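Protein chains: 6
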Amino acid sequence: MGTCYITRKEHFNAAHRLYVDKWTEERNAEVFGKCANKNWHGHNFTLYVTVKGEPDPDTGFIIDLKVLSELIKEKVVDKLDHNNLNMDVDFLKGIMPSIENIVMAIWQQLEPHIKGCKLHCIKLIETENNYVEYFG
Amino acid sequence: MGTCYITRKEHFNAAHRLYVDKWTEERNAEVFGKCANKNWHGHNFTLYVTVKGEPDPDTGFIIDLKVLSELIKEKVVDKLDHNNLNMDVDFLKGIMPSIENIVMAIWQQLEPHIKGCKLHCIKLIETENNYVEYFG
Amino acid sequence: MGTCYITRKEHFNAAHRLYVDKWTEERNAEVFGKCANKNWHGHNFTLYVTVKGEPDPDTGFIIDLKVLSELIKEKVVDKLDHNNLNMDVDFLKGIMPSIENIVMAIWQQLEPHIKGCKLHCIKLIETENNYVEYFG
Amino acid sequence: MGTCYITRKEHFNAAHRLYVDKWTEERNAEVFGKCANKNWHGHNFTLYVTVKGEPDPDTGFIIDLKVLSELIKEKVVDKLDHNNLNMDVDFLKGIMPSIENIVMAIWQQLEPHIKGCKLHCIKLIETENNYVEYFG
Amino acid sequence: MGTCYITRKEHFNAAHRLYVDKWTEERNAEVFGKCANKNWHGHNFTLYVTVKGEPDPDTGFIIDLKVLSELIKEKVVDKLDHNNLNMDVDFLKGIMPSIENIVMAIWQQLEPHIKGCKLHCIKLIETENNYVEYFG
Amino acid sequence: MGTCYITRKEHFNAAHRLYVDKWTEERNAEVFGKCANKNWHGHNFTLYVTVKGEPDPDTGFIIDLKVLSELIKEKVVDKLDHNNLNMDVDFLKGIMPSIENIVMAIWQQLEPHIKGCKLHCIKLIETENNYVEYFG
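Residue numbers (the numbering used here), protein chains in the order written: chain A, 297 to 432; chain B, 297 to 432; chain C, 297 to 432; chain D, 297 to 432; chain E, 297 to 432; chain F, 297 to 432.
Calculated from the structure, these hints are not laboratory results. Since the model is a prediction, treat every value here as computed from it, not as a measurement. Honestly, I wouldn't trust all of these hints.
Copies of one chain are not kept apart here, so a pair can be met inside one copy or by any two copies together.
Computed list of lysine-lysine pairs in DSS-like fashion (alpha-carbon distance at most 30 angstroms, straight line) [as the list claims (entries may be wrong)]:
1. 414 <-> 334
2. 389 <-> 318
3. 362 <-> 411
4. 411 <-> 371
5. 369 <-> 318
Take the sequences, apply the hints, and build the full model.
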């Protein structure tokens, strides 16, 4: 028939801080404002994972969404949820946790495990007013 | 000026069931879980139809949204709303009603009737946590 | 300190039909319109359960939300989700599944099991355009 | 004419941790689960402040919403936003930052400053799935 | 069984301006800011109408929502939608169109026509950040 | 690493009217219906601005969202908010204020000022049921 795109939404709540170690306190405060607060702040993050492919002739599925959801939980959400994005997450070690960088790191986590269809987009909503998308 | 994309949102509420006739009960239960329930379940579906084109120099419209809305109602929503997607819909006969397959069938229903601009995307939200897009 | 109200949101997807057995087909069609369709239709239902009480001096909790969520799942959501509200649900047997009646039946299911605080409100959203609340 | 209720929505993003100092690590983990993580987690909090009163005959206002919004910002949001609710907030010192306790503390912050009408409700949404209300 | 509350949501888009004729331009600008703009501004208004009563033993309905929706359309929405709230609406003549005053005027429009149950609340959302409720 | 897309959401409330001067009243009424009302109507418009680029190695930012937000406010939102789109906006002079035309005019306003990354999309939501996107 052709190619469809299916998207699964997941959630995680986490703390983070924007801070460049090699900069002075002043420069960090100037660039990141309140986001540099040394005692952290946090967000409810909403994650959308989109895959593309052709539906199976029997099931009509591009992918079993339960399988996709469990994969996202295992590789991404369980590692991020109720954690500190600067300190607690193996796949973010050494990475400034801007949403741009988080989204690209989530792509790296998921892409090798998507079977039978292709990862198309990672979208991450940080607040009601901003979100980032990455297409690989 | 260039090409714009305009999107109209519509709604329908319907029952369906995911079930492959040639499979055993056990295999259906294993693959589709609760979605295979023989007494049906249902959803509030949200449908987004996007067309693209150049705005008319006088009206500033790619398409008259009232015309688009009436077309979607006549060809799609009136046939799906408060119906059973496995049993009641002429254009879904013989089609497993996964959202992927529904989205592609809606495209076939609408595409020949879009005049003066082009159908670009059909998006269908099945639950708060998943949706499908099709671009033809 | 005083009394607080805490609310937990849950979801279920179900099929139903509005139909009075003792009425003729015509009267059913006249009163219930498309909602009387013999092949069912369905909705994504959103359920809000509100309890009230005084926060515990140590935990600051009126109720442990994990406990409340599991109670709602066991007594209500697991019985309704992906089921047929006219046929599959023990606590709706013999009850016309209007949202008004469903909400009052959910209250009866939950109220005896709420410990250490009091059930205050059951709210059920059937579509984007209508919902029902019941306060006991 | 009679009494109206007007509500203003505001936002803040913050980190917190649920932890009772006098308890063991084990008991904290058992009661609060991932919310006890020593490296913090966080949320996008949505705050609704409702006041009640009779509209002014000239302006039709219960309260000037710009005044209410600035009051909420000064007394509440500026103190909470991008901060750590366990460490950074003067009016939460010594208070377990459960949403129940935060809501009651916000009431104490605002109530003395509402002039010409009465504070009616503080509502705080912590995640998509839970919120607390307090009516004084 | 007891009393339930059912709510119907409707929409209208309208222009308005906040301006007291007997005041100077300066005082109007000072009190109402940009809302006093002489060339108008506008909103997408969302209206919630809640009625309360006991469900009918046969239908399980407090009120037929189609009847309620048509009543709201005839008495309220058709008069407000795509109109100017200062100039075009019979039931707002001589009334400063603050949301507080609009909500009370909508109550007066609807209350005499609600049969078999009682009007409980009119809620009107003017922007994402503010709304008014009136309970008669 | 590669290219990311970041989106900022802003709001404005405005009045407008759809009307072609060279047409008769009748033809305007026929084509635009209630949108041609001579006393105006209005909307809460939601604006999404998406830029694309590579994150900075230090900050992890494609663009500083505070800078983007201020730019959108200065060049777009402050000119549109609480104004009349047919009369009050310099960059819409002589332009029929359909959402298609507004979106393309907003692109022209912003595109020359985006530095260090590229403007990718302007999306404007006019009502709950329709929106327009423009990609340059």
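Each hint tested on the structure:
no.: 1; hint: 414 <-> 334; in the structure: neither (39 angstroms within a copy, 32 angstroms between copies)
no.: 2; hint: 389 <-> 318; in the structure: within (16 angstroms within a copy, 33 angstroms between copies)
no.: 3; hint: 362 <-> 411; in the structure: within (14 angstroms within a copy, 34 angstroms between copies)
no.: 4; hint: 411 <-> 371; in the structure: within (14 angstroms within a copy, 36 angstroms between copies)
no.: 5; hint: 369 <-> 318; in the structure: neither (34 angstroms within a copy, 33 angstroms between copies)
Violated hints for the displayed structure, listed by number in ascending order: 1, 5.
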